[in-house]
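A.B. asks: Residue strings, one per chain:
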Amino acid sequence: MEKHDGKGGLRMRCEETNAMLDQLLDGTLTGEQLRSLEAHGQTCAACGEQIRAALQMKALFSEMAPEVDVPLAAQAAWRGAVKEEARKKKMKRYYSWAGVAAAAVVLVVGVSLGLNGRNAPKPGRGAASMMAVEKAAELSAPAENVADEVEASGTAVYEDAGTAWLETDGASAVTEAAVPQEAVAGVVAAEDAEYCADMDHEAEENAPGTPMHELSMRVKSVDAACGTIADLVDEYEGTADIQTQDGGANLYISMPAENVSEFISAIAHLDLSGETPDVPDLSGETTSALLLALTE
Amino acid sequence: MYNDVSTAETEVMQYMEESRLIRRASDGDAGAFNTLMGMHERRMYAVALRMCSNPEDAQDCLQEAMLRIFRAISGFKAQSSFSTWVYRITMNTCLDELRRRKNRPNTSLDDLVDAGWSPSDGEDTPERHAMHAEMRGYLQRFISELPEDMRSAVVLRDVEGYSYEEIAEILDTNVGTVKSRISRGREKLREKISGHPELFDRYGV
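Here the protein sequences come in this chain order: A and B.
In case it helps, the numbering used here puts the first sequence at residues 1 to 296.
In case it helps, the numbering used here puts the second sequence at residues 297 to 501.
Just so you know, these hints were derived from the structure itself, not from any lab.
Glycine included, every Cβ here is placed at the ideal spot set by N, Cα and C.
Computed footprint of chain A on chain B; a stretch qualifies when at least three of its residues, placed anywhere within it, have a C-beta under 8 Å from a C-beta of chain A: (1) 315-324; (2) 347-358; (3) 361-368; (4) 424-433; (5) 455-467; (6) 476-488.
Excised from the complex, chain A in its bound form:
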């Protein structure tokens, strides 16, 4: 309770000192309160000491930097520790991925292994090849057989640079992709796949000092992500980390800054409806389901 001392000011009592000093440090003391605090300090030695100490403390606190430069060695140390942790986590994932590969369902073409070798790929090829394989699987053989066949024998036959036949159990599918046998990277169980292409190793090959731009996308068609779009990323000298999630795929792309706007333009002009009449008709749902969004 504040008592007026008859001179128009407030008279303080010792019990209030603590609370007022908290306000002092919080900076919420009014001018009038500060004056009455000082006045009290002059009459009461114990409180005077507290007040002086509080003012010293306040001044010293204001000199203590809320952010401090981290010594370079310590910076390197924690970053290195995190990278090591990430590497360990990744190794665990790869091992479990390999174990699951036996239960093959969907064939995924590995884009990092020379798919662009012969010609610059036209948009649509990568996706088309995979659509075709899926169609073949649907038509006759159970999916596992398709995968086994290709993996075991590499049944791609080349007629010319632009066409490859994929033969399985009597069903055949024509694709417009130049698909070297080695490009078949392996089989992945669709439900369990965490990566369908990992081009991280290419990151080191970029010239140091090239300013890189990071962007990410989400695509509903995993096949398009691993095929067409990955092709494009490669074409524009980028690298992409592709991860399946919730039925679609996220791509995390790193690309030389100077190529980004052209790349984005190329993405916007992608036509995945297929350019070859022989390709089994890509169902409309696949094309329209291709959701391209430059995510935040």
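Fit chain B to the supplied structure of chain A, relying on the hints for placement.
C.D. replies: Chain B alone, transformed into the frame defined by chain A:
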């Protein structure tokens, strides 16, 4: 609210950038994580320095906190503020380390004197600079003698400038408890300061 559109845009872009980096880090991208946390490391280090009182322990805490955050980030939900979550883990890491090292002898003042202090405007002479630095060292010594719950609250309030509500979130408690710890912590510090007039009187307040 914003002075101009560009400020608002900058904030939105920073938020989007942060969200994007968090997502990538959650997927195990160490590079994205390091970029993301590079924006927080100086503040995290400052907190660790005030809690641990010496640079070596603070650097250990910083590294441990970074690893904990990396391991846990895939579980981070966007409901809470990322920053608050980071400082909660940082503070918990410091508290865990302190409890582990309970029997460690006190560090010499020399380690403390130059660690992260920004001189006030009044320190125009080398003598004053040295004097203030020494007094700040003593204050840090007194902070290190506070019980941990008071120390964490005082550091977050009086050094880092967080609000009572933010501190309650970081320390996972309520505002009343925070106010009480801060008040009692400050009182203890005042008692120590006024108990050593020979150290502080030169400050000239």
